[in-house]
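K.L.:
Chains A and B, in that order, are what the protein sequence lines are. So that you can map any letter, position 96 of the first sequence is 95 in numbering that gives the first Met the number 0, and since no number is skipped, the others follow by simple counting. So that you can map any letter, position 62 of the second sequence is 61 in numbering that gives the first Met the number 0, and since no number is skipped, the others follow by simple counting.
These are calculated hints, taken from the structure and not from any lab test. Since the structure is predicted, the reported quantities are computational estimates derived from the model, not experimental observations. Treat the hints with care, as some may be off.
One copy or any two copies: either way a pair holds, since identical chains are not told apart in the list.
No more than 20 Å apart at the CA atoms, straight line, and that leaves these computed lysine to any residue pairs for SDA-like [claimed, not checked]:
#1 K9 - A92
#2 K8 - A92
#3 K219 - S108
#4 K49 - H172
#5 K49 - H85
#6 K78 - Q174
#7 K8 - R90
#8 K49 - Q174
#9 K26 - V103
#10 K78 - D147
#11 K212 - G111
#12 K57 - D217
#13 K212 - A112
#14 K59 - I215
#15 K102 - S23
#16 K59 - A112
#17 K57 - K78
The residues making up each chain are set out below.
Protein chains: 2
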Amino acid sequence: MVKKIPVEKKVLSENDRIAGEIRSRLKDLGLLSLNLVSSPGSGKTTLLEKTLEALSEKLKMVLIAGDVQTDNDAARLVKAGGTDVHPIMTRGACHLDANMVNKVLVETSLDGADLLIIENVGNLVCPSSYDLGEDGKVVFVSVTEGDDKPLKYPGMFRRSSLMIVSKLDLLPHCQFDVATVIENARTINNDIEVIQLSSFTGDGMDEWYRWLKQNIQDKKQAAK
Amino acid sequence: MVKKIPVEKKVLSENDRIAGEIRSRLKDLGLLSLNLVSSPGSGKTTLLEKTLEALSEKLKMVLIAGDVQTDNDAARLVKAGGTDVHPIMTRGACHLDANMVNKVLVETSLDGADLLIIENVGNLVCPSSYDLGEDGKVVFVSVTEGDDKPLKYPGMFRRSSLMIVSKLDLLPHCQFDVATVIENARTINNDIEVIQLSSFTGDGMDEWYRWLKQNIQDKKQAAK
Numbered sequence: 000m001v002k003k004i005p006v007e008k009k010v011l012s013e014n015d016r017i018a019g020e021i022r023s024r025l026k027d028l029g030l031l032s033l034n035l036v037s038s039p040g041s042g043k044t045t046l047l048e049k050t051l052e053a054l055s056e057k058l059k060m061v062l063i064a065g066d067v068q069t070d071n072d073a074a075r076l077v078k079a080g081g082t083d084v085h086p087i088m089t090r091g092a093c094h095l096d097a098n099m100v101n102k103v104l105v106e107t108s109l110d111g112a113d114l115l116i117i118e119n120v121g122n123l124v125c126p127s128s129y130d131l132g133e134d135g136k137v138v139f140v141s142v143t144e145g146d147d148k149p150l151k152y153p154g155m156f157r158r159s160s161l162m163i164v165s166k167l168d169l170l171p172h173c174q175f176d177v178a179t180v181i182e183n184a185r186t187i188n189n190d191i192e193v194i195q196l197s198s199f200t201g202d203g204m205d206e207w208y209r210w211l212k213q214n215i216q217d218k219k220q221a222a223k
Numbered sequence: 000m001v002k003k004i005p006v007e008k009k010v011l012s013e014n015d016r017i018a019g020e021i022r023s024r025l026k027d028l029g030l031l032s033l034n035l036v037s038s039p040g041s042g043k044t045t046l047l048e049k050t051l052e053a054l055s056e057k058l059k060m061v062l063i064a065g066d067v068q069t070d071n072d073a074a075r076l077v078k079a080g081g082t083d084v085h086p087i088m089t090r091g092a093c094h095l096d097a098n099m100v101n102k103v104l105v106e107t108s109l110d111g112a113d114l115l116i117i118e119n120v121g122n123l124v125c126p127s128s129y130d131l132g133e134d135g136k137v138v139f140v141s142v143t144e145g146d147d148k149p150l151k152y153p154g155m156f157r158r159s160s161l162m163i164v165s166k167l168d169l170l171p172h173c174q175f176d177v178a179t180v181i182e183n184a185r186t187i188n189n190d191i192e193v194i195q196l197s198s199f200t201g202d203g204m205d206e207w208y209r210w211l212k213q214n215i216q217d218k219k220q221a222a223k
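Isolated chain A, as found in the complex:
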């Protein structure tokens, strides 16, 4: 087991090199890119379905949907109106890496795109170590999970720009305190932004759309 750490470091530094290339290309394009991370079943795909339904006529979105196995999520996104959806099956790997994402991006025209969203494998640990060249990670916590998740998985919350508290419609049925999860997240990462929403009822979705549009605009401005 002695060799494990240096080899992991080598893998991570190769990952960072490719992520840097992705970041550079996206910067030149002024294209906002987000890396969506969470436990399995926290509502990433459902939020993207609703986002496509609401915004796909106004925004040109490129979507990458990562899963260990199946392209179920990608199929759902196409059905919801996604016209530029790319599944990545990791076939056992517990996270996306920059090389997997880059292989998709080099074959994809990004001209005129407003937004690149990468839906990572459902896993609150490993994806936090792999930079994909994104502008920010968006971490989901569903109210059906515990409100101590930020403390138990600090790496992910430390590296995320936005926390989405999802499935807000289930809050009356769950022992989950929204103020506590926010407090816990800010203990780990004082700068993390927070949006509470329910993709099912639509509560909070306008705030998410505003956040997206503002960040798209800021990224485009910075490229000029």
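Given chain A, work out where chain B should sit, using these hints.
P.N.:
Only chain B this time, still in chain A's reference frame:
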């Protein structure tokens, strides 16, 4: 990245060696051991709390609670009546391994114990690769997650003996079909047993207790 696979193989074979030692010791003792695996927030700890409240006077349980960070789960289990609870903080690692478990077990008296339960780190991918010397893995799927989880994370479901469909009280509020999740799990693993329950309302808990008692008895019989 070329070296990664051989090193992982070496780590895994060392893990398997230690897991074999644990398994051998537990076999001699006739002590049933279970490895609880799931997404974060699927209800592993809550089920254990209820199990302690119901059975700790009748069964001597040794509990190991793994988390990336914090000993919150272990503290909850002690509060629920656990007298032999051992936290393992992995400090960044995405799974328990046999060495971590063995370090606890060599310092723990297992005399007279009926049941060893290891609550793994919440992660549906990586813990599936690490044998902990257990008799069986118990995989949780909460009804707030998608019913396609077995297809998306096949490794874990292939290697599990029992699937617990948890948070059954939330079913009326979720788009989740129990028959579908069972069908999907059995597509991956035809032998997997299934128990549906709610730790909150108590529905299905008797079936879980019966399953535990039967398997404890079978293990003891086999050691005679």
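K.L.:
Compare the structure with each hint and give your call.
P.N.:
Now the hints, each set against the structure:
Taking the shortest alpha-carbon separations for K9 and A92, both the intra-copy value of 17 Å and the inter-copy value of 18 Å come in at or below 20 Å. Both within a single protomer and between protomers do K8 and A92 lie at most 20 Å apart by alpha-carbon distance, with minima of 17 Å and 14 Å respectively. In this homomeric assembly, K219 and S108 come within 20 Å of each other (Cα to Cα) only inside a single copy, at 17 Å, whereas the closest approach across copies is 63 Å. With identical chains, the CA atoms of K49 and H172 are at most 20 Å apart between copies only, with a shortest distance of 18 Å across copies and 23 Å within one.
When the C-alpha separation of K49 and H85 is checked against a cutoff of 20 Å, the pair qualifies only within one copy, where the shortest distance is 18 Å, while the shortest distance between copies is 43 Å. For a Cα distance limit of 20 Å, the shortest separation of K78 from Q174 across copies, 17 Å, qualifies, whereas the shortest one inside one copy, 34 Å, does not. Proximity of K8 and R90 under a CA criterion of 20 Å is satisfied inter-copy only: 17 Å between copies versus 22 Å inside one chain copy. Taking identical chains as interchangeable, the C-alpha atoms of K49 and Q174 lie at most 20 Å apart only when they sit on different chains, with a minimum of 15 Å there against 26 Å within one chain.
For a Cα distance limit of 20 Å, the shortest separation of K26 from V103 inside one copy, 17 Å, qualifies, whereas the shortest one across copies, 49 Å, does not. Taking CA atoms no more than 20 Å apart as the test, K78 paired with D147 passes between copies only; the shortest distance there is 17 Å, against 35 Å inside one copy. For a Cα distance limit of 20 Å, the shortest separation of K212 from G111 inside one copy, 15 Å, qualifies, whereas the shortest one across copies, 62 Å, does not. In this homomeric assembly, K57 and D217 come within 20 Å of each other (Cα to Cα) only inside a single copy, at 17 Å, whereas the closest approach across copies is 62 Å.
Proximity of K212 and A112 under a CA criterion of 20 Å is satisfied intra-copy only: 13 Å inside one chain copy versus 58 Å between copies. Proximity of K59 to I215 under the C-alpha cut-off of 20 Å is restricted to the intra-copy arrangement: shortest distance 11 Å within a copy versus 58 Å between copies. In this assembly of identical chains, K102 and S23 lie within 20 Å of each other by CA distance solely inside one copy; the values are 15 Å within and 46 Å between copies. In this assembly of identical chains, K59 and A112 lie within 20 Å of each other by CA distance solely inside one copy; the values are 5 Å within and 61 Å between copies.
Taking identical chains as interchangeable, the C-alpha atoms of K57 and K78 lie at most 20 Å apart only when both belong to the same chain, with a minimum of 18 Å there against 53 Å between chains.
Every hint from the earlier list agrees with this structure, and none is contradicted.
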